[in-house]
Each structure stands twice: as structure tokens, then as C-alpha cells.
Amino acid sequence: MIMLPENGPGFLKREAVPVLLFVLLALVPFVAALGAESYLLSLVTRVMIFAIAALSLDLILGYGALVSFGHAAFLGLGGYAVGILSAHGQTDALVQLPVALAVSALFALITGALSLRTKGVYFIMITLAFGQMAFFLAVSLAAYGGDDGMTLPGRSKLFGFDLLKSDRAFYYAVLLALLGAYGLCRSIVVSRFGRVIRGARENPQRMAAIGFPLFRYQLVGYVIAGTLCGLAGFLLANQAEFVSPAYMTWQRSGELIVMVVLGGLGTLHGAIIGAAAFLLLEEWLSGFTEHWKMIFGPFLVLVVLFARGGLMGAIRRIGGGGGHG
Amino acid sequence: MSMTLLYVQTLNGLQLGVLLFLIAAGLTLVFGVMDFINLAHGVQYMIGAYLAAMFTALTGNFFYGLALALPSALAFGLLLEFLIFRHLYDRDHLDQVLATFGIILFLNQAVKVVWGAAPLSVPIPDVLSGSIRLMDGLLYPVYRLAIIGSGLAIAVLLGILVSRTRIGMLVRAGASNAPMVSALGVDIGKLFMIVFGFGAMLAGFAGAMVAPILSVEPGMGDNLLILTFVVIVIGGIGSVRGAFIAAILVGLVDTLGRVFGPQVLRALMDPSAASQAGRALAPMLTYILMAAILFFRPGGLFPAKK
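Protein chains in written order, with the numbering used here: chain A, 1 to 325; chain B, 326 to 631.
No lab work stands behind these hints: they were computed from the structure. There may be inaccurate statements among the hints.
[Unchecked claim] Calculated from the model, a selection of chain A residues having no Cβ within reach of chain B, i.e. all distances over 12 Å:
| id | residue |
| --- | --- |
| 1 | P18 |
| 2 | F22 |
| 3 | L34 |
| 4 | T118 |
| 5 | A129 |
| 6 | A169 |
| 7 | L179 |
| 8 | R198 |
| 9 | L300 |
[What the hints assert, rightly or not] To spell it out: a stretch of chain B is covered by chain A in this simulated footprint if at least three of its residues, at any positions, have a beta carbon under 8 Å from a beta carbon of chain A; those stretches are:
| id | segment |
| --- | --- |
| 10 | 354 to 364 |
| 11 | 552 to 564 |
This structure is a prediction, so every number in the text was calculated from the model and none was measured. Every residue gets a Cβ at the ideal spot worked out from N, C-alpha and C, and that includes glycine.
Please model the entire structure based on the sequences and the hints provided.
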């Protein structure tokens with residue numbers, strides 16, 4: 001695991017919420033063993049996978065104020081790397097994962113270099129367009145299922161063994177990935193690099209005037225975020241044992257933004273909470289009615305209008321102060 | 326490739342372009358004047374189609390249906406503006422994206438509840454049914470020509486409205502510098518309400534016009550919305566003229582690329598690889614076009630600001 005910097009006495013206080021989160025996540029399989037094991041495990045695994053995706057988005061959206069509306073493309077790229085490789089008989093994660101990450105990074109590098117030339121609304125729309133481009137590319141892959149997607153022969157192997165086959169083993173693998181992603185993001189955020197990204201969010205003119213080549217910093221941030229989301233795509237394909245263009249619809253990108261904002265922008269663990277809140281809310285509401293979006297849509301509007309700072313912000317406000325750094 | 330096919334596909338591209346323009350015109354002004362990103366503009370188009378379908382079924386006549394659908398679409402747009410959008414103008418883009426995303430979720434589901442999940446179909450009015458012979462061996466449906474014609478007519482009217490009238494002048498001024506217009510004593514909130522309502526009505530009109538040739542279904546506006554964004558970005562935010570040129574360009578590139586892309590590639594590589602690559606490339610063409618234009622002109626072709 002990556003060492004978290006600034007392990008001072010304030011560490012536990014500052015990291016109390018994330019530590020609690022990870023402890024809870026580690027305990028889930030034991031609770032699940034008491035009852036509906038496969039249901040609970042697969043639900044929480046899904047939450048953690050989307051938490052990785054939301055984390056990666058928070059890195060550029062929360063800390064860099066880059067509203068990327070095409071982030072789901074990386075989920076699809078990671079997923080299709082798994083799907084296409086296993087269709088050609090290459091089922092080992094040791095090959096699939098590096099390919100998934102490399103493809104995501106390359107896509108992020110190219111689209112990021114183009115998108116970051118623009119600002120504001122233009123950036124939102126151009127990332128959206130690139131996301132759609134990836135979506136249509138997947139739809140046109142007739143050899144790999146086209147619109148319908150493709151079923152994988154099984155989960156990725158590890159060193160040639162079916163180590164990820166059991167749901168519980170896969171759960172812990174995903175938890176490990178989430179922990180690693182969180183540690184990586186946290187150490188990026190507090191690093192000099194992270195401070196430059198945050199500076200660019202607060203005042204790009206001043207940062208540029210001091211002499212930072214912001215474009216390069218933001219591009220690197222964008223590539224890191226895209227690669228990390230590719231990891232989430234790799235895991236998602238493995239969990240569902242299925243990939244389809246539906247991974248990268250623009251609605252999915254919108255949902256990722258919703259997760260990040262729901263949990264609270266620029267907090268990292270907020271992204272995890274947001275992903276959990278979104279998916280559990282979806283699960284819970286769709287238990288009542290198939291028209292759960294009619295409840296969720298207005299809920300989202302209300303959150304935007306009245307609960308600034310997301311759920312964490314609202315909890316903090318109700319709790320009365322006690323800001324998180 | 327035969328010339329007839331080329332003509333037919335050019336007309337189809339023109340029709341898509343006109344449609345895109347109707348949706349983009351309102352959206353680009355809303356973007357330009359209030360710097361407001363409205364993802365829910367695509368559902369206005371969908372609502373227009375549903376309203377037209379409903380009123381046509383009620384009155385038994387497409388033209389009465391259209392006449393009733395337009396004011397309803399306008400009223401619906403104004404209602405949304407009053408209830409939600411008004412409170413989002415001074416928020417950042419992220420809040421606007423989220424709130425309008427929530428509206429999309431709600432309305433796409435709401436039309437399912439109100440009108441059912443199954444696609445509705447609207448019969449083509451008798452007067453405009455059938456095909457017309459444009460030249461030797463070239464038959465084209467009258468209704469599609471009517472869409473192109475009405476779209477072009479609206480484009481001309483809108484052009485006059487924006488460039489020749491007082492309200493158009495205010496809109497243009499608002500697109501290039503809204504705070505200054507406000508400082509000069511113009512009620513910018515009211516101006517925006519007018520622009521917004523008008524834009525919603527135009528999108529609704531586009532939806533109503535395509536109702537007889539496309540199936541009216543939930544989410545029908547979503548994919549068109551993305552193409553509309555491409556149009557606005559290429560044309561330059563806030564510019565009606567830019568939106569028109571970009572809409573026609575995108576309509577033609579998208580339609581012709583899908584039909585002739587694989588054929589052009591076939592001249593370069595072996596047939597099966599060409600049809601594979603063509604199918605993959607064609608839907609991406611418009612986005613590649615947009616990326617290319619933004620690379621050379623980050624503000625689009627006709628930016629309204631500066």
C-alpha cells in the first residue's frame with residue numbers, strides 16, 4: 001500500500017471517516033455470510049468499483065474543477081480491454097490489466113490534450129463528445145457483440161489460476177484496489193503536483209503567472225484519472241462477466257458526476273460515500289417502483305438547489321461545523 | 326456510387342441539419358446569453374413530439390395537433406424556467422449540469438408513465454404524404470421536403486428576428502456581454518425568459534415535425550442533444566448564424582459519412598475490412614470534425630464573445 005504522507009498526530013482525526021469506511025467494507029463479507037451472501041457481496045462490490053471510478057473523477061473534478069462529462073468512456077475502455085482480450089483467449093489479469101490501463105491512459109492523453117485546450121462549457125461539451133465517440137465505436141464493434149455487448153468466458157485468471165473466481169476473493173481484490181486507489185489519490189492531492197492542480201482551480205491566471213505550465217499539469221492529472229477509471233472498468237467487466245456499450249453512455253458519465261457531487265466535491269472519501277449513496281438509493285428506490293428515476297431526478301435537483309457541498313456538506317452543517325481539510 | 330443516391334442522401338443530411346438547427350438555435354442563445362448549460366434541452370424536443378402525438382390523436386388532424394403543441398411546448402418551457410432554471414443562473418456549470426441531468430431523468434421517466442413505454446406513431450398528414458419526382462429517377466417524400474422547407478423558413482425568420490429587431494439586438498448584446506446589458510437597464514432575467522421559452526418552443530417544433538417520420542419514444546432527445554452540442558461548439562456559443570452553418574455541416578457529414586464512408590474506404594482497402602472500418606468510423610466523423618475545428622479555433626467558427 002502507498003504510505004500516506006503527514007502521518008502526524010492529526011492523522012487519525014483527519015482520516016477518521018475513510019478509516020471507518022474501509023473497516024466497514026472489510027467487515028461486509030462476514031455480515032454477508034449470515035444472510036443473502038451473494039446478493040450483498042455483489043452489491044457492495046459494485047459500489048466499490050464505482051467508488052474507484054468516482055474517486056478518479058473527483059481527482060480532476062473536485063480538485064481541478066475540470067467538469068469531464070465523458071468519464072464513463074474509461075469504464076468502457078477498461079471493460080472492453082478485458083472482453084476483447086478474453087475473446088482471443090488471453091484471460092490472465094497480468095496481461096489484461098496492463099492493457100486496460102494502457103489503453104485508458106492513451107485515450108486520456110489524446111482526448112485530454114485536445115479537450116484541455118478549451119475552457120468551461122466547451123470543456124464539458126468536448127469531453128461529452130469524446131465519450132460519445134467511444135460509445136459509438138463500441139456499438140460498431142460487430143465482431144465483439146456490437147450493440148448487445150459480449151459475455152465473458154469467466155473472470156480473469158491470476159497467474160493462470162482461478163484466484164478471483166469466488167465472490168469473496170473478488171470482493172477483497174476490489175477492496176484492495178479501492179484502498180490502493182484511495183491511497184494514490186490522497187498522496188497525489190497532498191503532493192506538490194496536487195497543490196498545483198488545486199491552485200489552477202482557484203486561480204489559473206495567477207498560477208500561470210507564477211510560471212507553472214498548467215496545461216501539462218492538468219493533462220497529467222487527466223491521464224491519471226482516466227487510467228484509474230480504466231481500472232474500475234477492468235473490475236466492472238470482471239464482476240458482471242459482461243461488457244456492453246451501455247458502460248459508456250453519457251448518462252453513465254452523468255451518474256459518475258452525481259456520485260462525486262453527492263458525496264461532496266474534492267474530499268476523495270466523499271466519492272466513495274457518493275457512489276455508495278447513489279447505488280444503494282437506486283437499489284432501494286427501484287425496489288419500490290420501476291419509475292425510481294421520477295423520484296431520483298427531483299431529488300437531484302433539490303440537492304443542487306438546497307444542499308451545497310453534497311451529502312457530506314449537509315451532514316457537516318447539521319453537525320455544526322468541524323470542517324474537513 | 327450513383328448520383329441519385331448522392332442527391333437523396335444530401336437531402337437527408339439537409340433534413341437532419343435543419344432539425345439540428347431548430348434545436349441548437351434556442352440552446353446556443355441560452356448558453357450565450359446566460360452562460361447556462363442546459364442538458365434538458367433534448368427533452369424539450371421529446372416533449373414537443375409527445376405533445377404533437379397527443380394533440381394529433383385528440384383532434385384527428387396533424388396541423389391542429391401542431392398548432393396546439395407549439396403553445397403547450399412554450400408553456401412547458403416557461404414553467405420549467407420558472408420552477409427550476411431561474412434559480413440556477415448564478416450557479417457554476419457543475420450545478421447546472423447536475424440539476425438539468427435530474428430533469429432529464431425525471432422527464433424521460435415521466436413520459437413513460439403518462440404516455441406509456443411503447444413508441445407512439447403519428448400518421449403523415451394526407452396533404453404531405455407520398456413522394457414527388459425531383460428529377461429523373463429521383464423520388465423524395467414530400468413530408469421530408471416540408472421539414473426542410475419549414476426549417477429553412479424558420480432559419481430565415483430567426484435570422485431577421487436576431488439581426489433586425491430590437492429584441493434581437495438585445496439578445497445579441499446579451500450574448501456578447503450580459504452584465505453590460507444588465508447595467509444599461511435591460512431586465513436581463515426577462516430577456517432570458519423570452520429566449521428560453523422561444524428556444525423550448527423551437528425544440529418542441531422540431532420534435533413535432535419529426536413525430537410522423539420517427540417513432541415518438543422516451544429518451545428520443547438524448548442522442549440528438551449530444552449532436553446539438555457538437556453543432557453549438559462548432560458554430561460558436563451564442564451565434565445563431567454559426568449554429569445554422571454548423572448544423573447543416575454536421576447533418577451532411579453525419580448522413581453522408583454513414584452512407585459513403587465505407588464506399589470510399591473500399592477503394593483503399595479490401596471490402597470486408599473497409600466495411601468494418603467504415604462502420605466504426607462513420608459515427609465518429611462528426612466528433613472528429615468537432616475536435617479538428619476546436620483544435621484550430623477553440624472558440625468555434627463564429628464565437629459571439631470577443
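Just checking, L34(A) versus chain B, shortest CB gap more than 12 Å? Correct as stated: the minimum Cβ-Cβ distance to chain B is 35 Å, above 12 Å.
Distal placement of L179(A) relative to chain B, Cβ over 12 Å: Holds, since 28 Å exceeds 12 Å.
Would the least Cβ to Cβ distance between A129(A) and chain B come out above 12 Å? violated, 5 Å
Is the Cβ of T118(A) farther than 12 Å from every Cβ of chain B? violated, 5 Å
For the segment 552 to 564 of chain B, count the residues whose Cβ lies under 8 Å from any Cβ of chain A; is that count three or more? Coverage by chain A holds for the segment 552 to 564 of chain B (5 residues, Cβ < 8 Å).
Tell me if chain A covers the segment 354 to 364 of chain B under the three-residue, 8 Å CB rule, please? It holds, with 4 qualifying residues against the three required.
Is A169(A) truly not at the interface, in the sense that its beta carbon sits beyond 12 Å from all beta carbons of chain B? Check passes; 36 Å lies beyond 12 Å.
Compute the least Cβ-Cβ separation between F22(A) and chain B, then decide whether it is above 12 Å. holds, 28 Å
Does the claim that L300(A) lies off the interface hold, with its Cβ farther than 12 Å from every Cβ of chain B? violated, 3 Å
If I take the minimum Cβ distance from R198(A) to any residue of chain B, is it greater than 12 Å? At about 16 Å from chain B, R198(A) clears the 12 Å cut-off, so the statement holds.
Looking at P18(A) again, its CB stays over 12 Å from all of chain B? holds, 23 Å
Of the hints listed earlier, those the structure fails to meet are numbers 4, 5 and 9, in rising order.
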